[in-house]
Amino acid sequence: MFTRLMLAVLAWLLSSLAFAVCYVDVDAGGANGGTSWADAYVDLQSAMTNADCDEVWIAEGVYKPVVPADAQNVTPAERATSFELVRPVRLYGGFSGDETDVDQRDPAAHVTVLSGDIDDNDTVDSRGVTAHFSDIVGSNTTHVLRAVFGGVASPAGPDTLIDGLTVTAGTTVNFQPGGGFQCYPPSVVLFAGPVCSFRMSRVIFQGNRSSDAGGGLAVVVLTSGVANPDLVNVRFIGNRAVSSGGGLFLRASSGSVLTGSISRATFRGNEAGDEGGGLSLRASGAFAAPEITNTTFFGNSTSGFGGAIATYVSGETGGTIPETSGAEPYLTNVTVSGNHAESGGGAISIQNFNSETLARGGVFNRMIIWGNTATSGPAGFQFRNDPLRMTVTNSVVQGSCPNNCYEAVSGDPMLGPPQSSPAFGTVLLPGANGAAVDAASCIFANDQRGQPRPSGVSCDLGAVELTPQELQEVFKDRFQAEG
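In mature numbering (1 follows the signal peptide of the UniProt record, and there is no 0), the protein residues as written are -20 to -1, 1 to 463.
These are calculated hints, taken from the structure and not from any lab test. Where is the CB? At the ideal position from N, CA and C, for every residue including glycine. Honestly, I wouldn't trust all of these hints.
Label-pair ranges, simulated between beta-carbon atoms [said to hold, decoys possible]:
| id | residue 1 | residue 2 | range |
| --- | --- | --- | --- |
| 1 | D105 | V206 | 14 to 24 angstroms |
| 2 | N383 | S356 | 20 to 30 angstroms |
| 3 | G9 | A51 | 16 to 26 angstroms |
| 4 | P56 | A31 | 39 to 49 angstroms |
| 5 | A18 | V82 | 15 to 25 angstroms |
Full structure from sequences and hints, please.
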């Protein structure tokens, strides 16, 4: 009897720990209560606001934050409407609409789109995605997704997860950052702990634009705040920012700390007017040091500095932040190729406008930096207002390797053409006889595609490990050509 009672209590405890699931399906025709697929909410915001919804399962389809009263005359209030994160929540896309387990979904096959095309006149593809920022027409919503601060906990803290969604067609106005998603807490918040420390996986930011910074995503942390976002297999494609960070903008200021990680990501075809076609990282009297691994930057551009990446340090070292202030990204196994800057740093621009001469500038390890261009200035690394503490290790860098370059790898990596997959984004394979293959010891167990490392005696540089099958194909093609 006692054993049965204890088992019953244990079962009740386990059930009480399970996350409450709410369902969203734009095509549902039931009770619209979110309790099942048949009775799913048709409006995503209803589930995001409902405090009983720990997890929100979203079926394939296109979701928009508002339906204008008159699509031909969208009002400013309608444009200002976003999908709002108001509390910690887990958002999952990629469902067909009959799954019973979150692991049964397939975001690549069942595309779930959050779109800012509220007046329904963008040029979109078959999925309803605005593929490029130039396809935006008319009056779109200013932020597709936005964290709204004001409660007792951060709505974008570590308990918030966004997984399996495509965010498209956001268009900010009035110098607002973050066309696709904005996480920008006020300088004073009413809770302790990290602010923009959300987790994100298998999310695509495509065809968004910002009148300021962060065409796809903007994370800004102010006044001694802490941010630690975690992005895995996130893609930034075809976004634009008038100022900085065509794909992604990260900024820390006034004694704040911004760390976090970006892994297995793709930055492709993004543009910025001033700096950082793919990514812009800024620190103003603060410390910004995200880790970026197994990631590809390809085909990004800027009219200013840093075709792929730009870092910018300004202001005195602040408050509780010691002389380690700076914008110091840690990049490992990253491929930077095919990017362009008008004013230098076709690949990467590192800028120091801090009176502290020891401001940090970054750590670059096991990199491929090749095939980038600049109209003026260097095509690879650019340094503005040295000195900066930065190091480049075990990397192949076209042109001259910068100061503090250790164990440089010489030769051409012989990168192949870009290859894209719904599963892992865009990659460029290193050539079998190129300088990047078997060039360094291993740090990670897998590459951007999830392929195991190493496949040879050592690991390849850059985001991708050439597999034995790919090596075999190269040698077979060569044998047939020579025969």
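Inset, instruction - Find the hints from earlier in the document that the structure breaks and name them by number, from lowest to highest. - result: The structure conflicts with hints 1 and 4, although it agrees with all the remaining ones.
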